[in-house]
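S.K.: This is what each chain is made of:
Number of protein chains: 2
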Amino acid sequence: MSQKKKIVQCVPNFSEGRDLEKIEKIVHVFRGKEGVKLLDYSRDEDHNRAVVTVVGEPEALKKAVVEAIGKAIDVIDMNKHQGQHPRMGAVDVVPFIPIKNISMTEAVELAKEVAKEVSEKYDLPIYLYEKAASTPERENLAQVRKGQFEGMAEKVKQPDWHPDFGSKEIHPTAGVTAIGARMPLVAYNVNLDTNKLEIADKIAKNVRHMSGGFRYCKGIGVELKDRGIVQVSMNMTDYTKTALYRAFELIRIEAKRYGVNVVGSEIIGSVPMEALIDTAAYYLGLEDFSMEQVLEARLME
Amino acid sequence: MSQKKKIVQCVPNFSEGRDLEKIEKIVHVFRGKEGVKLLDYSRDEDHNRAVVTVVGEPEALKKAVVEAIGKAIDVIDMNKHQGQHPRMGAVDVVPFIPIKNISMTEAVELAKEVAKEVSEKYDLPIYLYEKAASTPERENLAQVRKGQFEGMAEKVKQPDWHPDFGSKEIHPTAGVTAIGARMPLVAYNVNLDTNKLEIADKIAKNVRHMSGGFRYCKGIGVELKDRGIVQVSMNMTDYTKTALYRAFELIRIEAKRYGVNVVGSEIIGSVPMEALIDTAAYYLGLEDFSMEQVLEARLME
Chain A
1 MSQKKKIVQC
11 VPNFSEGRDL
21 EKIEKIVHVF
31 RGKEGVKLLD
41 YSRDEDHNRA
51 VVTVVGEPEA
61 LKKAVVEAIG
71 KAIDVIDMNK
81 HQGQHPRMGA
91 VDVVPFIPIK
101 NISMTEAVEL
111 AKEVAKEVSE
121 KYDLPIYLYE
131 KAASTPEREN
141 LAQVRKGQFE
151 GMAEKVKQPD
161 WHPDFGSKEI
171 HPTAGVTAIG
181 ARMPLVAYNV
191 NLDTNKLEIA
201 DKIAKNVRHM
211 SGGFRYCKGI
221 GVELKDRGIV
231 QVSMNMTDYT
241 KTALYRAFEL
251 IRIEAKRYGV
261 NVVGSEIIGS
271 VPMEALIDTA
281 AYYLGLEDFS
291 MEQVLEARLM
301 E
Chain B
1 MSQKKKIVQC
11 VPNFSEGRDL
21 EKIEKIVHVF
31 RGKEGVKLLD
41 YSRDEDHNRA
51 VVTVVGEPEA
61 LKKAVVEAIG
71 KAIDVIDMNK
81 HQGQHPRMGA
91 VDVVPFIPIK
101 NISMTEAVEL
111 AKEVAKEVSE
121 KYDLPIYLYE
131 KAASTPEREN
141 LAQVRKGQFE
151 GMAEKVKQPD
161 WHPDFGSKEI
171 HPTAGVTAIG
181 ARMPLVAYNV
191 NLDTNKLEIA
201 DKIAKNVRHM
211 SGGFRYCKGI
221 GVELKDRGIV
231 QVSMNMTDYT
241 KTALYRAFEL
251 IRIEAKRYGV
261 NVVGSEIIGS
271 VPMEALIDTA
281 AYYLGLEDFS
291 MEQVLEARLM
301 E
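In order, the protein sequences belong to chains A and B. Taking this note's numbering, I'd label the letters of the first sequence as residues 1 to 301. Taking this note's numbering, I'd label the letters of the second sequence as residues 1 to 301.
Everything labelled a hint here was simulated from the structure, so no lab data went into it. Just so you know, not all the hints are guaranteed correct.
All copies of an identical chain are treated as equivalent in the list; a pair is satisfied when it fits inside any one copy or across any two copies.
Under the rule of at most 30 Å between Cα atoms (straight-line distance), these lysine-lysine pairs were calculated in the DSSO-like manner [unchecked claim]:
| no. | residue 1 | residue 2 |
| --- | --- | --- |
| 1 | Lys4 | Lys22 |
| 2 | Lys4 | Lys25 |
| 3 | Lys100 | Lys5 |
| 4 | Lys100 | Lys4 |
| 5 | Lys112 | Lys157 |
| 6 | Lys4 | Lys62 |
| 7 | Lys63 | Lys5 |
| 8 | Lys62 | Lys6 |
| 9 | Lys112 | Lys4 |
| 10 | Lys63 | Lys4 |
| 11 | Lys100 | Lys71 |
| 12 | Lys157 | Lys62 |
| 13 | Lys5 | Lys33 |
| 14 | Lys22 | Lys71 |
| 15 | Lys6 | Lys33 |
Remember, it's a predicted structure, so these values are computed and weren't measured experimentally.
In isolation and in its complexed conformation, chain A is listed as follows (with noise of 0.2 Å):
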C-alpha cells in the first residue's frame, strides 16, 4: 500500500479587506495547484483584512503559501492601512495547523521553512509563534503583535523583540509577519434559556483556562439578542485534549446552579471529524472504538 497521504492546513491573514481585486490576486495563487486546495476565504471591511483557508500535502502548500505571501507584499502597502483589527503588516499571521497523518512537530518544522524561505526570498521579517515560538513571550499572537504595524519599526530592534528570521528592519511597506504552527480551533457556543447576560458569563469563567477552568479551552458570555437568550461562547483550542462533550456537560452542570437550562449548542465554520466522533463515543459508551473504523477516515489514506 502507498504511504498515507499527509495534509496541513493553513489560514493566511491578509491585511486587506476592501479591494475586492487585490484580495482576488492574493487568492487566486491557491486555485488549480496539484495538491492544494482552496477551502475558503472571507474578508471584512471593518476589519480591512482578509482570512483564506487553504488544505494540502505539505510541500504544495508550502510553495503556495510562499508565493501567496509575495503576491500580498505586492499588492498591500502598510502605510495607508486602516481597519479595527490589530495588525503588524501585509500577511499578518500564517498558521500550519496538521490535519491528517501529520504531527505538530512536522506542522512546526513546515513553519520554520516557510518563515525561513520567505524572510531570505522578500526581505520580510519573521516572528515565529503558539507551537513555533522560540521563546514563552512570543507564544501568544497578541503579544508578538503588540504596537502593532506602526511600533514594529522600534520594536524588532529590542532585543526581547529581535525577528527569528529576516534583518531588524521591518519591511518598509508590508511589516512584520507571525508564521507558526497551532491545533484547529473549533468555535463552540452552547446556549442558554436566560436573557441574563451575567449567567453567561459566570459560566464561561467556569470552564475557560484563564479563570480556573478547561487548559483549551477560550470562553465569554455573549448577548442573542433577537433570540432574547445568552450563550456561552469558547473556542476550544485543542479539542484532542478538552473535549467539545466536557465543555458542553460542565455547562450543564453549572448552569442548573442558576436554574438555567442549555437549549442547544452550535459549531461555527469547520470542525474536524474526529471531534464530533469522540462525542458519538462518548455519549454511546463505544467500546475498543478506532478512528480507523470510519469509512471516510480510510479513504483519506
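We have chain A; now place chain B onto it with these hints.
M.R.: Okay, now just chain B, sitting in the frame of chain A:
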C-alpha cells in the same frame, strides 16, 4: 471548482475461503488501479468464503469488479464447493453502496450495468436484489439464494425466478450471482449488565423492524460468555433513517423495565462518518449544523 468526486463502495462475496492462492488472484485485481482502493478483505474457512471491501469512482470500480468476477469464475468450481454459509455462485453476491456525492439511484444503475456486462461477458445469470430488485420478492437476498447452488439449475427455469440478466441456464461451474445496491450497514451492539439472554432477546424484539421496532434495524440477543453479560446485536440497515443514537436510547429505556443498565456499545467493522456525527449533533443539541462544516467532508470533495 471541479465537480465533486463520486465514491461508491462494493463488497463482493466470493465462494472461496480456503485456497489462499485463488483468493489472492481475485483480490489482486483491485490493487494498483487508478480510482480504486482495496480497503479490506477477510476469509472464513468454515464458511469457505471471502469478502472484499473496495471503494472507488464509479467507472473505475465497475471495470475492476467486472474483472474480479471474471477471475473468480476462472478459479472457483462450485461443483466442488462446501461451506457453512449459504451460497449460489462462485461470486455469490455483489452489493454496491453509495458513499459520497452519489445517489442510491446511481448505485442501482451501476449495479445494473455490471449485471448486464458480466452476464454477457461470462454467460453468468444474474438476479438483481435489494434496491436494484425487479420485484419485491427479489429484494431479500435470502429469498433469492434459497435452494443454493445445488438447486439453482432448476430455480432459474421457474417463471417467477427467471434471471434479470443472462440465460435460463446456470453457469456450469460458477452458478448464479446476485448483484444489487444497498445502504451501508452498520453492525452496532449494545451491552447490558446482566447475563440473562432472554432480556437481550426481549429488548431486541422491541427495537427490530420485524417485531414492531425501527424500520431499518435488525436485531437479536447475544451472550458474551467471557464477560458474563449479554448484548443486543444489531444491523442498522439505513442509519440516515434509523439513527444509531435512537436505537441506543430505546434499548436504555427498555432495559430499565428489567432493572438492567446499558454498560456500553460497540461498532463492529466500518461506519460512515455521518452516522456518528449525527449522534454527536443529537447529544450536543447542535443548531443549524451542516455536514459541510466537517473538515474531512470538504477534503473529500
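S.K.: If a hint holds in the structure, say so; if it doesn't, say that too.
M.R.: Hints versus structure:
1. Lys4 x Lys22: Close across copies (29 Å), not inside one copy (37 Å); limit 30 Å.
2. Lys4 x Lys25: between (33 Å within a copy, 25 Å between copies)
3. Lys100 x Lys5: both (8 Å within a copy, 20 Å between copies)
4. Lys100 x Lys4: Classified as both; 9 Å inside a copy, 21 Å across copies.
5. Lys112 x Lys157: For Lys112 and Lys157, only the intra-copy Cα distance (21 Å) is at most 30 Å; the inter-copy one is 72 Å.
6. Lys4 x Lys62: both (19 Å within a copy, 25 Å between copies)
7. Lys63 x Lys5: both (17 Å within a copy, 25 Å between copies)
8. Lys62 x Lys6: both (13 Å within a copy, 28 Å between copies)
9. Lys112 x Lys4: within (23 Å within a copy, 34 Å between copies)
10. Lys63 x Lys4: So Lys63 and Lys4 pass the 30 Å test inside a copy (21 Å) and across (25 Å) alike.
11. Lys100 x Lys71: within (28 Å within a copy, 36 Å between copies)
12. Lys157 x Lys62: within (29 Å within a copy, 65 Å between copies)
13. Lys5 x Lys33: both (17 Å within a copy, 17 Å between copies)
14. Lys22 x Lys71: Within one copy only: 9 Å inside, 58 Å across.
15. Lys6 x Lys33: Close inside one copy (16 Å) and across copies (21 Å); limit 30 Å.
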